[in-house]
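Asker: Sequence:
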Amino acid sequence: MNQDTEPEVTRRHSGAAESSRASRGWWDRNADDYQREHGDFLGDDRFVWGPEGLDEEEAGLLGPAEALAGRSVLELGAGAAQCSRWLASRGARPVALDISHRQLQHALRIRETSPTSSAFPLVQADAGALPFAEGSFDLACSAYGALPFVADPVRVLREVRRVLRPGGRWVFSVTHPIRWAFPDEPGPEGLTVAASYFDRTPYVEQDDRGRAVYVEHHRTLGDRVRDLVAAGFRLVDLVEPEWPGWNHREWGGWSPLRGRLIPGTAIFVCERD
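In the UniProt record's numbering, the protein residues as written are 1 to 273.
Possibly wrong hints are sitting among the right ones.
[To be verified] Label pairs and their in silico Cβ distance ranges:
{"no.": "1", "residue 1": "ARG200", "residue 2": "ARG109", "range": "29 to 39 Å"}
{"no.": "2", "residue 1": "ARG162", "residue 2": "THR113", "range": "18 to 28 Å"}
{"no.": "3", "residue 1": "ALA59", "residue 2": "VAL154", "range": "36 to 46 Å"}
{"no.": "4", "residue 1": "LEU261", "residue 2": "ARG109", "range": "14 to 24 Å"}
{"no.": "5", "residue 1": "GLY135", "residue 2": "ASP184", "range": "31 to 41 Å"}
Simulated from the structure, these hints should not be mistaken for laboratory data. As the structure is a computational prediction, the values presented were derived from the model and not from experiment. Think of the CB as a built atom: it goes at the ideal place given N, C-alpha and C, for glycine as much as any other residue.
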């Protein structure tokens with residue numbers, strides 16, 4: 001597809017292989033623009049759970065910050081590893097994993113340009129096939145990484161459980177499922193239900209040959225809970241951040257207008273049995 005040609009937007013089935021290939025390609029192509037547009041909000045070493053701006057420093061969803069020292073932590077869909085960098089600054093031992101080589105290059109760029117940045121492993125891999133031994137980590141986390149883009153979330157969740165030690169905590173954020181019923185628009189037009197919340201058909205952008213170049217998968221809240229249970233996790237908490245008064249920023253379909261009326265992010269706090 002010519003890079004100047006807009007992809008066709010559709011709703012259709014997209015399997016694991018196609019979804020993974022599309023995600024890798026999209027993030028490699030768009031990592032530069034993404035970091036340029038959102039890098040100031042994300043910071044170099046800040047742990048933000050979503051566009052609302054809920055900060056792990058404040059939320060403590062992984063546990064008290066003072067208890068992170070010495071803990072091994074896997075971050076899935078790490079992007080430029082801002083969250084892992086925050087964890088390292090608290091004495092944790094993070095590993096940042098992402099499917100996109102270009103995103104991890106930005107992690108290296110920040111490390112090289114920040115004199116106080118800690119070194120930790122950067123791993124390019126698919127979240128559905130984690131290259132780690134069983135019981136390698138105390139904690140795992142993901143801020144909008146991996147899970148919205150995979151066709152088989154239970155496979156990813158089982159992989160996370162496998163690499164966690166017994167009792168290990170797993171916290172991840174995704175687009176709040178209710179958002180799938182509304183247009184992805186930050187203004188008033190994004191406040192009217194336009195589709196069925198129960199339609200799980202993936203959102204696909206495809207090129208002129210019908211090949212997916214971007215894919216997102218919808219799961220209802222009930223689906224997410226059942227997926228976690230099927231993978232062997234216990235749900236400890238479900239956090240739906242309210243939009244704070246200080247945040248005047250629009251991020252795609254997220255905005256102060258919508259954020260004060262309907263939830264934009266769902267954060268699942270889980271523990272391995």
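Asker: Please go over all the hints and tell whether each is borne out by the structure.
Answerer: Hints versus structure:
{"no.": "1", "hint": "ARG200 x ARG109: 29 to 39 Å", "verdict": "37 Å, holds"}
{"no.": "2", "hint": "ARG162 x THR113: 18 to 28 Å", "verdict": "35 Å, violated"}
{"no.": "3", "hint": "ALA59 x VAL154: 36 to 46 Å", "verdict": "26 Å, violated"}
{"no.": "4", "hint": "LEU261 x ARG109: 14 to 24 Å", "verdict": "38 Å, violated"}
{"no.": "5", "hint": "GLY135 x ASP184: 31 to 41 Å", "verdict": "39 Å, holds"}
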